[in-house]
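Count the sequence shown with the working numbering and you get residues 969 to 1425, in order.
Worth flagging that the hints you see were computed from the coordinates, not collected in a lab.
All residues carry an ideal CB built from backbone N, CA and C; glycine is no exception.
Watch out, some of these pointers could steer you wrong.
Cβ-Cβ distance ranges computed for the label pairs, FRET-style [to be verified]:
(1) R1148 x A1126: 26 to 36 Å
(2) E1317 x A1126: 44 to 54 Å
(3) E1085 x N1206: 58 to 68 Å
(4) D1209 x E1076: 45 to 55 Å
Calculated pairs, EDC-like style, for lysine to aspartate or glutamate (alpha carbon to alpha carbon, straight line, at most 20 Å) [to be verified]:
(5) K1195 x E1317
(6) K1195 x D1224
(7) K1349 x D1269
(8) K1195 x D1232
(9) K1342 x E1317
(10) K1309 x D1351
(11) K1042 x D1107
(12) K1128 x D1232
(13) K1100 x D1077
(14) K1100 x E1116
(15) K1230 x D1147
(16) K1025 x E1007
(17) K1309 x D1352
(18) K1154 x E1179
(19) K1195 x D1209
(20) K1230 x E1146
(21) K1160 x D1211
(22) K1025 x D1077
(23) K1347 x D1265
(24) K1230 x E1116
(25) K1198 x E1246
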Amino acid sequence: MKRRGLLFNRLFLFVGSLCILPVFISCQNFFNGADLKREVENAVAYANAQNCSLYLKSDSASGSFLSEGEMKCKVGYTTDIQFTLNQKDYFFVSLEAVSTADESQSREDCVEFTINEKETDTYRGIYVIGVKVLRYASDILIRPKCMEIPCILSHSPASKSPQFANTPVVINFNIPMEDRETTAEKSLFNYKNIFISYAGKDMSSYFDEPEFNANKTVLTIRPIGAKIKKFIEDNYLNYLDIDFSFSDTIVATNGDVSFPLKQDSNSNFSVRYNSSVEETPPLRGGFFVTRYDVTLDSAPDLDEKYIFPQIVYNGSTYYTLDYVSILMPSTFYIYGKFYDKDSGVQSIEVSESLKGKVDGVTDYKETVTVYDWKSADVKFKRDDNGWNSFVLKYTMQESLKEKSGSGVFELAVTVKDACDNAAEKEKFCVNYEEYNNLYYTKVHWTNSSGDLFRENH
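Given only the sequences and the hints, what does the whole structure look like? Please build it.
Encoded structure:
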């Protein structure tokens, strides 16, 4: 009896399954039919979509598309394109759409780019990007936007032959390394990121601060020839091998993308110096002293009325600025323009000494003050043609502020280049005069040639 019941149950389940099976088959057919209908509708929509051609163009230096030239697309649909990057020299940023007729005209509103992360292999430099055509245009050009990896193309001197101690190091980059407006204070090209050494010793103090050209593609590092010469002689060296190393903390920026300087044999090199230096002194092109706060830009255009008329004092020829009378102690602005293509103007030496009797000043001391490119009170400018200009703010000794007295003081200005070659001294006198119990100053001017100042180019 029990066995009959079990058999009956099994038979009931089997018959029930046969009854339900058509229902499942019917549902499956329904879903398959829905999918088929959707596929048909999509196919019809794609066929009816507006045709559009994209034109693929790459720069062979940065990489290439898998297929260049015309590519057929449909408006509203996405097509994958593949770009292979030259990873050695370039960094891939994105694709961009421009006009085939005028590549300065954007077509970014016509397409949408989406990187296919599954298919992209950045390790091998292969980028697969989906391009969706948003609206029709007959002139859509697709091109890769790549950034050159910043690198040093070359440097000079490049040979191992010994160089004069004043020979500048010139470094050429493949791209502008910073914005034109970047000041020296904000530049990454300083001695925190550029290492100059000899046998592990920091030698950056033997060089001027690095200088870029206007395009920010050529960097010049000038040795202070006299210091290099002295170091070689003091250490009994035949020559001095200076190592230059540019850190990868130096980066170039393109939009939102920054990339470090490429590290190779050009970013780490050495220059061999001997103790010889050039011996041509700076040549005077212009020089004057004024009371007015001039700048490097305004000084060359100083009005003729500020040129000193001639006087004679104790048998010497001077030029006096007869309209200047201000309370002492006196502050002057000294402007100079000198030609020195070889090593450049490095320092300005100002000596201050007694010229005539001084009443009431008992502790006056003769002084010599040296200013260089790092001094706070002087501004320098050097152009590519070898002209060096400066404006120096100079104040007479502070002791005169406490114990004033009348008399004549002579100031001599000596301009030297990086090899200690000195131009002719430029001299002027300060005449302190007493009037109604107040002390005033006048400036008297001379130079070895007895000429008035003229700006020479």
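Evaluated hints:
1. R1148 x A1126: 26 to 36 Å: Cβ of R1148 to Cβ of A1126: about 28 Å, so the range 26 to 36 Å holds.
2. E1317 x A1126: 44 to 54 Å: 35 Å Cβ-Cβ, so the 44 to 54 Å window is violated.
3. E1085 x N1206: 58 to 68 Å: Holds, at about 60 Å.
4. D1209 x E1076: 45 to 55 Å: Roughly 53 Å apart at Cβ, these two residues keep to the hinted range, so it holds.
5. K1195 x E1317: holds (17 Å)
6. K1195 x D1224: Not satisfied, since the Cα-Cα distance of roughly 43 Å exceeds 20 Å.
7. K1349 x D1269: Given that 20 Å is the threshold and the Cα spacing comes to 16 Å, the pair holds.
8. K1195 x D1232: violated (30 Å)
9. K1342 x E1317: Within the cut-off at roughly 14 Å; holds.
10. K1309 x D1351: Answer holds: K1309 to D1351 is near 9 Å, not above 20 Å.
11. K1042 x D1107: holds (14 Å)
12. K1128 x D1232: holds (18 Å)
13. K1100 x D1077: Measuring from Cα to Cα gives roughly 11 Å; hence the hint holds.
14. K1100 x E1116: violated (27 Å)
15. K1230 x D1147: Holds - the C-alpha atoms of D1147 and K1230 are around 19 Å apart, at most 20 Å.
16. K1025 x E1007: violated (34 Å)
17. K1309 x D1352: holds (9 Å)
18. K1154 x E1179: holds (13 Å)
19. K1195 x D1209: holds (15 Å)
20. K1230 x E1146: The given pair, whose Cα atoms are some 15 Å apart, holds under the 20 Å limit.
21. K1160 x D1211: holds (15 Å)
22. K1025 x D1077: holds (19 Å)
23. K1347 x D1265: Since the Cα atoms of K1347 and D1265 sit roughly 11 Å apart, the hinted pair holds (cutoff 20 Å).
24. K1230 x E1116: Within the cut-off at roughly 10 Å; holds.
25. K1198 x E1246: Holds, at about 14 Å.
Figure legend: structure checked against the earlier numbered hints; hints not met, in rising order: 2, 6, 8, 14, 16.
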